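Here's the letter readout for the chains.
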Amino acid sequence: MSGTILETRALAVGYGGRAVVKGIDLRLEAGQILCLIGPNGAGKSTLLKTLMRRLPAVEGSIRLNGRELGAIPERELARTCAAVLTGRPAPELMRCGEIVALGRYPYTGRLGLLTAEDRAVAESCMDMTGTGALRDEDFTRLSDGQRQRVLLARALCQQPKLLLLDEPISFLDIRHKLDFLLLLRELADRQKLAVVLSLHELELAKKIPDRILCLKNGQVDREGRPDEIFTGDYIRRLFDVDERSYERVCGDAAPF
Amino acid sequence: MTNGQNRRYALCFALLTAGLLLLAALNLTTGSSRLSVSEVLAALGPGQSGSAAAGVVRQIRLPRLAAAALLGGALSVSGFLLQSFFANPIAGPFVLGVSSGAKLMVALCMIFCLSRGLAISSAGMIAAAFCGALLAMGFVLLASARLRGMGMLIVCGVMVGYICSAVTEIAVAFADDANIVNLHHWSQGSFSGIGWDDLAAAALTVAAALACSLLLAKPMDACRLGEGYARSMGVNLRRYRTALILTSSVLSACVTAFAGPVSFVGIAVPQLMKRLFKSAKPLLMIPACFLGGGVFCLFCDLLARILFAPTELSISSVTAVFGAPVVIRVLLSRRRGAEE
Numbered sequence: 080m081s082g083t084i085l086e087t088r089a090l091a092v093g094y095g096g097r098a099v100v101k102g103i104d105l106r107l108e109a110g111q112i113l114c115l116i117g118p119n120g121a122g123k124s125t126l127l128k129t130l131m132r133r134l135p136a137v138e139g140s141i142r143l144n145g146r147e148l149g150a151i152p153e154r155e156l157a158r159t160c161a162a163v164l165t166g167r168p169a170p171e172l173m174r175c176g177e178i179v180a181l182g183r184y185p186y187t188g189r190l191g192l193l194t195a196e197d198r199a200v201a202e203s204c205m206d207m208t209g210t211g212a213l214r215d216e217d218f219t220r221l222s223d224g225q226r227q228r229v230l231l232a233r234a235l236c237q238q239p240k241l242l243l244l245d246e247p248i249s250f251l252d253i254r255h256k257l258d259f260l261l262l263l264r265e266l267a268d269r270q271k272l273a274v275v276l277s278l279h280e281l282e283l284a285k286k287i288p289d290r291i292l293c294l295k296n297g298q299v300d301r302e303g304r305p306d307e308i309f310t311g312d313y314i315r316r317l318f319d320v321d322e323r324s325y326e327r328v329c330g331d332a333a334p335f
Numbered sequence: 296m297t298n299g300q301n302r303r304y305a306l307c308f309a310l311l312t313a314g315l316l317l318l319a320a321l322n323l324t325t326g327s328s329r330l331s332v333s334e335v336l337a338a339l340g341p342g343q344s345g346s347a348a349a350g351v352v353r354q355i356r357l358p359r360l361a362a363a364a365l366l367g368g369a370l371s372v373s374g375f376l377l378q379s380f381f382a383n384p385i386a387g388p389f390v391l392g393v394s395s396g397a398k399l400m401v402a403l404c405m406i407f408c409l410s411r412g413l414a415i416s417s418a419g420m421i422a423a424a425f426c427g428a429l430l431a432m433g434f435v436l437l438a439s440a441r442l443r444g445m446g447m448l449i450v451c452g453v454m455v456g457y458i459c460s461a462v463t464e465i466a467v468a469f470a471d472d473a474n475i476v477n478l479h480h481w482s483q484g485s486f487s488g489i490g491w492d493d494l495a496a497a498a499l500t501v502a503a504a505l506a507c508s509l510l511l512a513k514p515m516d517a518c519r520l521g522e523g524y525a526r527s528m529g530v531n532l533r534r535y536r537t538a539l540i541l542t543s544s545v546l547s548a549c550v551t552a553f554a555g556p557v558s559f560v561g562i563a564v565p566q567l568m569k570r571l572f573k574s575a576k577p578l579l580m581i582p583a584c585f586l587g588g589g590v591f592c593l594f595c596d597l598l599a600r601i602l603f604a605p606t607e608l609s610i611s612s613v614t615a616v617f618g619a620p621v622v623i624r625v626l627l628s629r630r631r632g633a634e635e
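Residue numbers (my numbering), protein chains in the order written: chain A, 80 to 335; chain B, 296 to 635.
The set of hints was computed from the structure by calculation and includes no laboratory data.
Any given hint might turn out to be false.
Quick list of the computed label-pair ranges, beta carbon to beta carbon [said to hold, decoys possible]: (1) A/Arg220 - B/Val616: 56 to 66 Å; (2) A/Ile253 - B/Leu310: 24 to 34 Å; (3) B/Arg302 - A/Leu192: 12 to 22 Å; (4) B/Leu499 - A/Glu147: 38 to 48 Å; (5) A/Arg189 - B/Ala418: 49 to 59 Å; (6) A/Arg220 - B/Ile415: 52 to 62 Å; (7) A/Ser249 - B/Arg534: 31 to 41 Å; (8) A/Ala169 - B/Ala440: 21 to 31 Å.
Below, a sample of chain B positions facing chain A; criterion: calculated Cβ distance under 7 Å [unchecked claim]: (9) Lys513; (10) Ala517; (11) Gly523; (12) Leu571; (13) Ala575.
Taking beta-carbon pairs under 10 Å as the criterion, some of the chain B residues facing chain A (in silico) [claimed, not checked]: (14) Gln300; (15) Leu321; (16) Ser527; (17) Val530.
Since the structure is predicted, the reported quantities are computational estimates derived from the model, not experimental observations.
C-beta: ideal position from N, C-alpha, C; glycine also.
Hey, can you work out the whole structure from these sequences and the hints?
Put into structure tokens, the structure is as follows:
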């Protein structure tokens, strides 16, 4: 069941025809996790938005599951690609079960009524993310860690082949960061999901992803396996981190 | 959805229906001539068309209560749609100036037609009100693109409403016609004097708009998580937003064309229904708001008629007394939520 899910060629992404990042060549297989890293404003979110088709590509091509992204009908796109976005939605009077079931949107009919099958899928997505017990809880009363899991369950409910996550663990404490990343790894392995996520937590990017894409100064600075990326003082150069300032804050030498 | 929730929803709908029937019965029996339930039933039965009671029930009370229920429901659904659109719990056709815009256009049309001795059809009234509603809506939309925060949007809408009302007053003051009394009465808002022909036209329009809003329930549900998520699930936002604005404008235009501007129903009823059902799911809220709006307006119209009989209150002053506190409560609870 492996195969290329996402492929970009000479992709340039940006706003209003002006490129923020150029020359992105990606290839992501089913079951692989790609992690985007780079300084603030390097274009990680812009790239993710372009992959979601919320922004048009400035140049180059994106192929999703073997088809040109621009040519995929909305409903089919939503069945192939799902997202967990930045920001914290605060829907009024919405139970977690409702939010997860909303992921059935591209499968339900005109009125959005759920069939028994839709309910079963929603159930299994809550099981996979460990959110079954939160079914009847009001979403706005949850902790940040629980919220992200519910939003992940909602995305899984679209039964996508590709999952896009924009800084999914930024708000979480360290334990929930670890749990969330392990969950993503497990989903990629078991469900053969292709995952693209942006991260600021560099120390957590060493093991989980299969590939890392480093963005800086409007281009792809490096692309490769984590062990190819985390070499020497590359990360420090990528982020322009001064070793002394790291030591003054953290007390010991930078681990990257 | 668990069984407990479904039972709650069924119970709420039963409660609303019972309230509607009870208030309808009260509306039919009370008034300047008190009728017993059996007299009313007799008047509604066949072969009674000659009696005075039959005249009162069939030509005055029944159309009035039908208008209050139908148009109150339409107004509430319109308010619910606008609240979803602006993600703003105190948006509504009245505070956003949509009702006043519709009122202005209808008043201008009526003055124009009356001065030429022309009669204006029900469909014509709805069309004029729709144009006015869209004009005011367009203005608020333009402003909302530049404004941040729900308070500013409402202030802007209220200002649009004041401007439209002022122009209406001026136009009414300068129109010299015997019918001006009627016009003045209408511009204050009232469910009286709506005939069966008008009602039929209103019912058709509202039914069509209600069907449209039910079809919008699915994308509305997706938009509760924000537009980013809605798009990622395949909602065509432009088409959805256009359909929503048009539907809500048709609903509030239809109300204004026949009953004039009615305040606060559009905000208060959706808020009350959300609390009653403990849910804000659009597919549930649209029929709930329609029923609840009917109940609310029947109740307010009953008070307007009997409280200071034989003097009749304008419907808006009664709906404001019950509706405005709901708005204040919403604002206070938002404030508390933000401080947590």
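For each hint, the structure was consulted:
Separated by about 34 Å at the C-beta atoms, arginine 220 of chain A and valine 616 of chain B break the suggested range of 56 to 66 Å. Between isoleucine 253 of chain A and leucine 310 of chain B the beta carbons are some 49 Å apart, a value that contradicts the proposed interval 24 to 34 Å. The hinted range of 12 to 22 Å is satisfied by arginine 302 of chain B and leucine 192 of chain A, whose Cβ atoms lie roughly 18 Å apart. Between leucine 499 of chain B and glutamate 147 of chain A the beta carbons are some 46 Å apart, a value that agrees with the proposed interval 38 to 48 Å.
The beta-carbon spacing between arginine 189 of chain A and alanine 418 of chain B, approximately 28 Å, falls outside the hinted interval of 49 to 59 Å. Taking 52 to 62 Å as the suggested C-beta distance range, the pair arginine 220 of chain A and isoleucine 415 of chain B conforms, at roughly 53 Å. For the hinted restraint 31 to 41 Å between serine 249 of chain A and arginine 534 of chain B, the CB-CB distance of approximately 33 Å keeps it satisfied. A C-beta distance of roughly 22 Å is found between alanine 169 of chain A and alanine 440 of chain B, which places it inside the suggested range of 21 to 31 Å.
The criterion of a C-beta within 7 Å of any C-beta in chain A is met by lysine 513 of chain B, whose closest approach is roughly 3 Å, and the hint holds. This hint holds: alanine 517 of chain B has a C-beta 6 Å from the nearest C-beta of chain A, less than the 7 Å allowed. The interface hint given for glycine 523 of chain B holds, since its Cβ lies 5 Å from the closest Cβ of chain A, which is under the 7 Å cut-off. The criterion of a C-beta within 7 Å of any C-beta in chain A is not met by leucine 571 of chain B, whose closest approach is roughly 11 Å, and the hint is violated.
The beta carbon of alanine 575 of chain B comes within 4 Å of a beta carbon in chain A, closer than 7 Å, and the hint placing it at the interface holds. Interface restraint check: glutamine 300 of chain B against chain A, minimum CB-CB distance 8 Å, threshold 10 Å, status holds. Hint on leucine 321 of chain B is violated. Least Cβ distance to chain A is approximately 32 Å, over the 10 Å limit. For the restraint placing serine 527 of chain B at the interface with chain A, the shortest Cβ-Cβ distance is roughly 4 Å, inside the 10 Å limit, so the hint holds.
Because the closest C-beta pair between valine 530 of chain B and chain A is about 8 Å apart, less than 10 Å, the hint holds.
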